[in-house]
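S.K.: With the UniProt record's numbering, letter number 207 in the sequence shown gets 207, and the count goes up by one each step, no holes.
Mixed in with the good hints there might be a few duds.
[To be verified] Each computed DSS-like pair below joins lysine-lysine, with the alpha-carbon atoms no more than 30 Å apart:
no., residue 1, residue 2
1, Lys176, Lys57
2, Lys176, Lys261
3, Lys67, Lys122
I should point out that these hints are in silico values taken from the structure, not numbers from a laboratory.
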Amino acid sequence: MRTAAFSTFYDVPFSNQMKFKKDYPRIKAFRVMDEEGNIINKEYENIPKEKLLKIFKAMVTNSEADKIFNMAQRQNRISFYMTSIGEEASTVGSVAAIKDHDLIYPQYREQGALIYRGYTIKEMANQLRGNHYDVGKGRQMPVHYGSEKLNYVTVSSPLGTQIPQASGSGYTYRIKGEDRIAMTFFGDGAASEGDFHSAMNFAATLRSQTLFFCRNNMFAISTPVDEQFAGDGIGARGIAYGMNTIRVDGNDLFAVYNATKKARKMIIKEGAPCLIEAISYRGGDHSTSDFAELYRNEEEMAKVDSLIAKLGNPITRVKNYLEAK
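With the sequences and hints as input, model every part of the structure.
M.R.: Next comes the structure, spelled out in structure tokens:
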């Protein structure tokens, strides 16, 4: 059975020069529009108008719902909430590029993906309140959405457990010959869990039809990325595991959409996984149990301001694009 490109060392090349390797070219982030919403590569200006408007509506709905429910927690109407402010292009744009029957294993900031697939604000409110209209009947804590109808696996509290589950589902789809993938979302913090590495190795060697989507939003609760890893982010790990990998501007809807669409085609054609690392920024606190100002000092905020200037706001970028049409 064919596995990864470097799965065999029977034909390993030799050298009489002793050389340790550490440095390698950094992975550049793919983008289609600049931070203001101007298209810089028209080859990928290809989202149909009707779909683009549906995506934009889901992004705005996601953003407004976050504001309402976050405030509801502050008013003691719900017990807990987690926003996805600033990451709407990553979660909505990626799911818009796959098929409705593809299975999603979320982390906990992918409510935009659910909204795009048809999950209503009322259903969100029922889950957050844990009332008798909630599918889970209050057995889950808030933000742990799930929908069998929408092929969206219920959120799990333990960090990273969804990643190997997606590897297993993707493996099943390949051996059955199905035109279906499992897509899992996770953050840069979850990529530091052992489950991430187990899942990546399993998927790469056994060729799971799995799309790994990392929302690198620069913080694992209070731990910034430069204290999490010394290498070139999460993307470098995909290459190390022998996996097709791309890094994208996570606030660029067109880049996210096109990269995800291409990744799905590759997964089905090759019967092998892909990794997408989306560079973004967590616009709010980790959750309503967090107060980010306590650990985002002046030095950290200077880095943040520099990054935000390069990325822009995902909703504003699409809004500017639509208004210019």
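S.K.: Evaluate each hint against the coordinates.
M.R.: Outcome of the hint check:
1. Lys176 / Lys57: 36 Å, violated
2. Lys176 / Lys261: It holds: about 22 Å lies between the C-alpha atoms, which stays within 30 Å.
3. Lys67 / Lys122: Judged against 30 Å, a Cα distance of about 15 Å means the pair holds.
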